[in-house]
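K.L.:
For reference, the chains in residue letters:
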Amino acid sequence: MNRKIRVLIAKPGLDGHDRGAKIIARALRDAGFEVIYTGIRQTPEQIASAAIQEDVQAVGLSLLSGAHNVLFPRVVDLLRQQGAGDILVFAGGLIPQDDAERLRERGIAAVFGSGSSTKEIIQFLKAKLH
Amino acid sequence: MSKLSAASSKKIIAGLVDKIRQGDIRSAARACTLIENEDPDSSALLSLLYPLSGTATVVGITGPPGAGKSTLLAGLIEEAAAHGEQVGVIAVDPSSPLTGGALLADRLRIDSGQNQIYIRSVATRGTLGGLACAVFGILRVLEAMGKTMIFVETVGAGQNEIAVTQLATTTLYVTVPHLGDEIQALKAGILEVSDIFVVNKSDLGNAEMAVSQLRSILTLKDPAAAPSWTYPVLSASAAQRKGLPQIFKSILDHRAFLERTGEGMERRKKQASAELLSILERQVMIEMKSYLSGKMLDHLVHKRQNPQTLVKQILSRRSRRK
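As they're listed, the protein sequences go chains A and B.
According to the numbering used here, the stretch in the first sequence is residues 148 to 277, in order.
According to the numbering used here, the stretch in the second sequence is residues 3 to 324, in order.
I should point out that these hints are in silico values taken from the structure, not numbers from a laboratory.
Please read all numbers here as calculations on a predicted model, not as lab measurements.
Each statement offered as a hint is correct.
Using 27 Å as the maximum straight-line C-alpha spacing, the simulated DSSO-like pairs for lysine-lysine come out as follows:
| # | chain 1 | residue 1 | chain 2 | residue 2 |
| --- | --- | --- | --- | --- |
| 1 | A | 169 | A | 273 |
| 2 | A | 151 | B | 21 |
| 3 | A | 266 | A | 151 |
| 4 | B | 314 | B | 297 |
| 5 | A | 151 | B | 13 |
| 6 | B | 12 | A | 151 |
| 7 | B | 271 | B | 251 |
| 8 | A | 151 | B | 291 |
| 9 | B | 291 | B | 314 |
| 10 | A | 169 | A | 151 |
| 11 | B | 272 | B | 251 |
Bound conformation, chain A alone (with noise of 0.2 Å):
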């Protein structure tokens, strides 16, 4: 068998900051990971459609603009609608601990905010998706 984890990589929303999401890319690759970077401007539905087309086992949302409490719950809802809510989807950004709190409730499976480390984020897919 010649299995890698594959990962997908997005940016929802209008916002261009994708230093830390080209970064968690690039730790990931490093960590063996398979990564499919799709960028910024990504709607939720391009995100949901990539993620299902890839069958990536997670999907790893950057956001600093805000906007994570309508986008982030939109592509956790879109995949539970087309038949994949076993995909993992884990967050990275500017998230307040309320928020993310809430979309802990809402399906996300971690939320990583700025001053994490990439060895945190690749431990917890390794053990959550082995």
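Model the placement of chain B on the given structure of chain A, informed by the hints.
P.N.:
Chain B in isolation, oriented as in the chain A frame:
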């Protein structure tokens, strides 16, 4: 899946194939994963898919890095979809030889969000020569889904270029001005296996010179090889969306040419041979690696034995085992 009984596995796989034929994207995506992962069930899956194959025009897109292949592809996909083709895309990127991971970023330039266009990003996962054997399998899945035109994009660099042409029915070679096309084309042998040549980024200037250089090289081709194909050399600016309808028309012309002449059948035979060999190669490599040992390598490094002797020993051990 492999923990179930053989009978249940077969049933599940057959069910998966039915779903794929109905165009179910999640099922198609799962099938691609089984194939990429070399899952024990992938053999049965591929056997069921094979009779459904050979229905799509496979357009290979190759050429040096930085030629704008992905951007060009994005434009061609639109042309194809507008023309009524059911489009699929396989975008191949190299895996890191050190970590085994990969950053697959072609999709971001190609994907316009239309769900009817199926795009799959594939990492080479350590295959030498750059084109994973899994790509043949993924092609089968897309054909079973009903895709009529499948684009396969790969980074062009020597072996990679040739590899994609074995998979494709029509090969597009994309380059840019000022890359010393004459020398490139003569060196890599890409001339002999490409059908349509595109000088992209014509907005940078000097495209006409590159086009005429390529044209003059192409006149050196053996006229007996494929007598009625014109080997068009086109210029384009993918970023400015210029020249795309002409390129798409060339692809359709080439498709018609293959159907009209015996060349279509010749291509299919070459594809079949390439596919067979790539699967064989992969199986054999997996098997052969199991014969290697640290002791053997030690002998080699200290020149106590040479590679030829060791290979003979390995092969005779193998035939004794059978």
